[in-house]
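**Q** Add chain P to chain U, keeping to what the hints say.
Residue numbers (the working numbering), protein chains in the order written: chain U, 4 to 424; chain P, 4 to 424.
Hints listed in this document are in silico derivations from the structure and should not be mistaken for laboratory results. Among the hints, a few may not be true.
As the list claims (entries may be wrong) - Derived DSSO-like pairs: lysine-lysine, alpha-carbon spacing no greater than 30 Å straight-line:
{"hint": "1", "chain 1": "U", "residue 1": "K86", "chain 2": "P", "residue 2": "K240"}
{"hint": "2", "chain 1": "U", "residue 1": "K343", "chain 2": "P", "residue 2": "K400"}
{"hint": "3", "chain 1": "U", "residue 1": "K293", "chain 2": "P", "residue 2": "K259"}
{"hint": "4", "chain 1": "U", "residue 1": "K240", "chain 2": "P", "residue 2": "K410"}
{"hint": "5", "chain 1": "P", "residue 1": "K412", "chain 2": "U", "residue 2": "K241"}
{"hint": "6", "chain 1": "P", "residue 1": "K312", "chain 2": "U", "residue 2": "K312"}
{"hint": "7", "chain 1": "U", "residue 1": "K259", "chain 2": "U", "residue 2": "K234"}
{"hint": "8", "chain 1": "P", "residue 1": "K343", "chain 2": "U", "residue 2": "K400"}
{"hint": "9", "chain 1": "U", "residue 1": "K293", "chain 2": "U", "residue 2": "K183"}
{"hint": "10", "chain 1": "U", "residue 1": "K412", "chain 2": "P", "residue 2": "K241"}
{"hint": "11", "chain 1": "U", "residue 1": "K105", "chain 2": "U", "residue 2": "K86"}
{"hint": "12", "chain 1": "P", "residue 1": "K416", "chain 2": "P", "residue 2": "K39"}
{"hint": "13", "chain 1": "U", "residue 1": "K423", "chain 2": "P", "residue 2": "K183"}
{"hint": "14", "chain 1": "P", "residue 1": "K287", "chain 2": "U", "residue 2": "K86"}
{"hint": "15", "chain 1": "U", "residue 1": "K365", "chain 2": "P", "residue 2": "K183"}
{"hint": "16", "chain 1": "U", "residue 1": "K234", "chain 2": "P", "residue 2": "K412"}
{"hint": "17", "chain 1": "U", "residue 1": "K293", "chain 2": "P", "residue 2": "K86"}
{"hint": "18", "chain 1": "P", "residue 1": "K241", "chain 2": "U", "residue 2": "K86"}
{"hint": "19", "chain 1": "U", "residue 1": "K240", "chain 2": "P", "residue 2": "K412"}
{"hint": "20", "chain 1": "U", "residue 1": "K259", "chain 2": "P", "residue 2": "K293"}
{"hint": "21", "chain 1": "P", "residue 1": "K8", "chain 2": "P", "residue 2": "K105"}
{"hint": "22", "chain 1": "U", "residue 1": "K133", "chain 2": "U", "residue 2": "K356"}
{"hint": "23", "chain 1": "P", "residue 1": "K354", "chain 2": "P", "residue 2": "K8"}
{"hint": "24", "chain 1": "P", "residue 1": "K8", "chain 2": "P", "residue 2": "K356"}
{"hint": "25", "chain 1": "P", "residue 1": "K293", "chain 2": "U", "residue 2": "K88"}
{"hint": "26", "chain 1": "P", "residue 1": "K293", "chain 2": "P", "residue 2": "K259"}
Keep in mind it's a predicted model, so treat the numbers as computed, not measured.
2 protein chains.
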Amino acid sequence: MAEIKNALYAQSGGVTAVINASACGVIETARKNSDKIANVYAGRNGIIGALTEDLIDTSYETDADIASLKFTPSGAFGSCRYKLKGFEENIAQYERLMEIFKAHNIGYFFYNGGGDSADTCHKISTLSEKMNLPIHAIHIPKTVDNDLPITDVCPGFGSVAKYIAISTREASYDVLSMAKTSTKVFVIEVMGRHAGWIAAAGGLAADQENDIPIVILFPEIEFNQDTFLAKVDANVKKYEYCSVVVSEGARWSDGKFLAEQGTRDAFGHAQLGGAAPVVANMIKEALGYKYHWAVADYLQRSARHIASKTDVEQAYALGKAAVDMAIAGENAVMPTIVRKSDSPYVWGIGKAKLEDIANIEKMMPKEFITDDGFGITEACRRYLLPLIEGEDYPPYKNGMPEYITLKNKSVKKILNTEFKL
Amino acid sequence: MAEIKNALYAQSGGVTAVINASACGVIETARKNSDKIANVYAGRNGIIGALTEDLIDTSYETDADIASLKFTPSGAFGSCRYKLKGFEENIAQYERLMEIFKAHNIGYFFYNGGGDSADTCHKISTLSEKMNLPIHAIHIPKTVDNDLPITDVCPGFGSVAKYIAISTREASYDVLSMAKTSTKVFVIEVMGRHAGWIAAAGGLAADQENDIPIVILFPEIEFNQDTFLAKVDANVKKYEYCSVVVSEGARWSDGKFLAEQGTRDAFGHAQLGGAAPVVANMIKEALGYKYHWAVADYLQRSARHIASKTDVEQAYALGKAAVDMAIAGENAVMPTIVRKSDSPYVWGIGKAKLEDIANIEKMMPKEFITDDGFGITEACRRYLLPLIEGEDYPPYKNGMPEYITLKNKSVKKILNTEFKL
Numbered sequence: 004m005a006e007i008k009n010a011l012y013a014q015s016g017g018v019t020a021v022i023n024a025s026a027c028g029v030i031e032t033a034r035k036n037s038d039k040i041a042n043v044y045a046g047r048n049g050i051i052g053a054l055t056e057d058l059i060d061t062s063y064e065t066d067a068d069i070a071s072l073k074f075t076p077s078g079a080f081g082s083c084r085y086k087l088k089g090f091e092e093n094i095a096q097y098e099r100l101m102e103i104f105k106a107h108n109i110g111y112f113f114y115n116g117g118g119d120s121a122d123t124c125h126k127i128s129t130l131s132e133k134m135n136l137p138i139h140a141i142h143i144p145k146t147v148d149n150d151l152p153i154t155d156v157c158p159g160f161g162s163v164a165k166y167i168a169i170s171t172r173e174a175s176y177d178v179l180s181m182a183k184t185s186t187k188v189f190v191i192e193v194m195g196r197h198a199g200w201i202a203a204a205g206g207l208a209a210d211q212e213n214d215i216p217i218v219i220l221f222p223e224i225e226f227n228q229d230t231f232l233a234k235v236d237a238n239v240k241k242y243e244y245c246s247v248v249v250s251e252g253a254r255w256s257d258g259k260f261l262a263e264q265g266t267r268d269a270f271g272h273a274q275l276g277g278a279a280p281v282v283a284n285m286i287k288e289a290l291g292y293k294y295h296w297a298v299a300d301y302l303q304r305s306a307r308h309i310a311s312k313t314d315v316e317q318a319y320a321l322g323k324a325a326v327d328m329a330i331a332g333e334n335a336v337m338p339t340i341v342r343k344s345d346s347p348y349v350w351g352i353g354k355a356k357l358e359d360i361a362n363i364e365k366m367m368p369k370e371f372i373t374d375d376g377f378g379i380t381e382a383c384r385r386y387l388l389p390l391i392e393g394e395d396y397p398p399y400k401n402g403m404p405e406y407i408t409l410k411n412k413s414v415k416k417i418l419n420t421e422f423k424l
Numbered sequence: 004m005a006e007i008k009n010a011l012y013a014q015s016g017g018v019t020a021v022i023n024a025s026a027c028g029v030i031e032t033a034r035k036n037s038d039k040i041a042n043v044y045a046g047r048n049g050i051i052g053a054l055t056e057d058l059i060d061t062s063y064e065t066d067a068d069i070a071s072l073k074f075t076p077s078g079a080f081g082s083c084r085y086k087l088k089g090f091e092e093n094i095a096q097y098e099r100l101m102e103i104f105k106a107h108n109i110g111y112f113f114y115n116g117g118g119d120s121a122d123t124c125h126k127i128s129t130l131s132e133k134m135n136l137p138i139h140a141i142h143i144p145k146t147v148d149n150d151l152p153i154t155d156v157c158p159g160f161g162s163v164a165k166y167i168a169i170s171t172r173e174a175s176y177d178v179l180s181m182a183k184t185s186t187k188v189f190v191i192e193v194m195g196r197h198a199g200w201i202a203a204a205g206g207l208a209a210d211q212e213n214d215i216p217i218v219i220l221f222p223e224i225e226f227n228q229d230t231f232l233a234k235v236d237a238n239v240k241k242y243e244y245c246s247v248v249v250s251e252g253a254r255w256s257d258g259k260f261l262a263e264q265g266t267r268d269a270f271g272h273a274q275l276g277g278a279a280p281v282v283a284n285m286i287k288e289a290l291g292y293k294y295h296w297a298v299a300d301y302l303q304r305s306a307r308h309i310a311s312k313t314d315v316e317q318a319y320a321l322g323k324a325a326v327d328m329a330i331a332g333e334n335a336v337m338p339t340i341v342r343k344s345d346s347p348y349v350w351g352i353g354k355a356k357l358e359d360i361a362n363i364e365k366m367m368p369k370e371f372i373t374d375d376g377f378g379i380t381e382a383c384r385r386y387l388l389p390l391i392e393g394e395d396y397p398p399y400k401n402g403m404p405e406y407i408t409l410k411n412k413s414v415k416k417i418l419n420t421e422f423k424l
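This is chain U alone, in the form it adopts within the complex:
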């Protein structure tokens, strides 16, 4: 029988509405396997906590509080934007992690993040083998950008997609009501600096029963002001109004972001704004239509109140699968979502090697974008629709969602040596 070891769980990068559901899957599954995993420690603020021996002992948390993670947005243990360097550049970082793992009897490492953290996780696994310090390093996918390869979807994306699709529909209904005498064009800016998955979700606002004119600006499509303005104008002439979904990553032909339009305030300070006001102003200048614009920013990725049930279930299942895989002896892998059918949506859990995941970005395929570059195709719709299926409302108290704040008690330091980040 294998020795009982502790597990280290860390959240990485931008948080989501459902990353805590993955944490819940990890911790609940570990608790059910207490003959193999003693305690689950969490890095306070992600990998920084691991490097600085700032660990959280999740065993102080009640089962009920851990269960509440399933409906609490954000990163319950803190996350960070901190990318480990290459082995050659900073081997000390990795050796430090190994020291920490050894000192705290950590045999399992669960890293919950995007492409960068998959790469880090892979490196840790490689090094642990080299150093003969066996660690089961498993990556759990998370990114609202939905840009990881192999897996059908990344947890976090489905909920953002649902939020953007619903918000675009709701705002479009609003604009239509007002179009006769007031706002004719509504612009909403969404996340996704490189990949247009979130922007694409705005297209779901329209369907057979909701004939809403929507123009999408994808980061994958070079922005052409003339064709864009012509499209908006045609929509306003036909429908009396138009909704525009612009990705923060939408770019001019020279590669410059629309948002970097050189906006300056009265003092000459650069760039206050996002892409939405730039696009809205462009429409006003060229076509004279009254506009409104919104920038959803963090609201979209933290909107647990309208999370996709499918997304929540997948996030949890991937956390659970990560522990199951680790216990089964796997290493340097990532559990994935495998789509078996579109409608009804049938999915299962698969497995990808981290070497096949790290540093690959999955863009929108060409066949998901309409020929004019401003819309989504039926194939895209078939892909997206199952991902926003179902609602999974959090509990409410006094009209507000009852999200959990954990105790987050520290693990006693053993090394107690400083490490400079």
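**A** Relative to chain U, chain P alone:
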């Protein structure tokens, strides 16, 4: 027995998540009183439809579709921003309305809007008496700004308040997760050009179980950059992060809106942005903290997916009460919400004279704002909390809310004469 007459219902000004619930209350109650009200006509795009004889016959809509209005945001018949002039300036507008009313046998006028429409409604009532053309003119309150006097609350506000409170809580959880290495200040811009009710709702994100540092910028409080920056800085030093809720109506001491900061793009075009980017940039410049900002814009007032149950019920009840009052022979009144107790929230329907409503704006009382000008008091909390109580989720299909689009068939024109707006 009174003669059977038709009713005219019109939506006015910015629409909300629940104005259609009032429409539902009007139409369902009228249908139950078909011995007194024959048909409910609706002005297409509000009062403009009435002036141009562009009326919608709601009797073509099924009971089920009318019931769906209760959970459909926006203005189902179209609204407009069109303020009737004074009698002396343009008596022709009022005479035209009288002609329309006469031609279509309209004996009841239900005008669903804010302060301006209360005034119009009052004028119509006055004129109808003068012209001996009896019209029961009833105003139904609606405004997300919550700035009408006498009534405890204006339908539309509770749902925006809930949305802003929840969004601010969710985004604050997100920012806290990231604060160690990334965003430390999150700024959300909310509606309310004159009154700070919506901004105040952001304060509900924090409570005894959610120790969230929130700084609110109210339109009622002259903006002081130094004290503001000091407050944000103190919060970041204590909590590692800070959330800022800024009203679009926040103003400098010279009365200028923060949003009018003189923002110019590279071509010298004026003002793209809102107050949020101005405030965020100010923080970055002075304190160096990384920020994110969101502008909720129409999303907040159309977010039927997370409407307040209390708000929906009150909107419906006021629509119903308007019809009951009209049938009972009332004229030139507005049904109001009367608060009987805070906790539990007990409310009933009252009645206000339009002459006491028109052209009065209800600002946040001084005792609702903390002494430093950046927060809400317990008294404010007691006022606000009941208004966001309860959830009233719309039905979903394929992961999306199933909002209704009515047939909106036209009433045959009788006058068929042109009227220049």
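**Q** For the pair supplied as a hint, K234 of chain U and K412 of chain P, confirm whether the alpha-carbon distance does not exceed 30 Å.
**A** 29 Å, holds
**Q** Is K293 of chain U within 30 Å of K259 of chain P, Cα to Cα?
**A** Judged against 30 Å, a Cα distance of about 22 Å means the pair holds.
**Q** Does the structure keep K365 of chain U and K183 of chain P at a Cα separation of 30 Å or less?
**A** With a Cα-Cα distance of about 29 Å, the restraint between K365 of chain U and K183 of chain P holds, given a limit of 30 Å.
**Q** Please verify whether K8 of chain P and K356 of chain P have alpha carbons no more than 30 Å apart.
**A** 23 Å, holds
**Q** Does the alpha-carbon distance linking K312 of chain P and K312 of chain U stay inside the 30 Å limit?
**A** With Cα atoms ~22 Å apart, K312 of chain P and K312 of chain U stay inside 30 Å; holds.
**Q** Between K293 of chain P and K259 of chain P, does the CA-CA distance stay at or below 30 Å?
**A** Measuring from Cα to Cα gives roughly 26 Å; hence the hint holds.
**Q** Going straight from one Cα to the other, do K343 of chain P and K400 of chain U come out at no more than 30 Å?
**A** 22 Å, holds
**Q** When you check the alpha-carbon spacing of K133 of chain U and K356 of chain U, does it fall within 30 Å?
**A** 18 Å, holds
**Q** Taken at face value, is the distance from the CA of K86 of chain U to the CA of K241 of chain P at most 30 Å?
**A** 27 Å, holds
**Q** Sort out whether K88 of chain U lies within 30 Å of K293 of chain P, counting only the CA atoms.
**A** 23 Å, holds
**Q** For K416 of chain P and K39 of chain P, compute the direct alpha-carbon distance and say whether it is at most 30 Å.
**A** 23 Å, holds
**Q** Does the structure keep K259 of chain U and K293 of chain P at a Cα separation of 30 Å or less?
**A** 22 Å, holds
In this structure, every one of the numbered hints holds.
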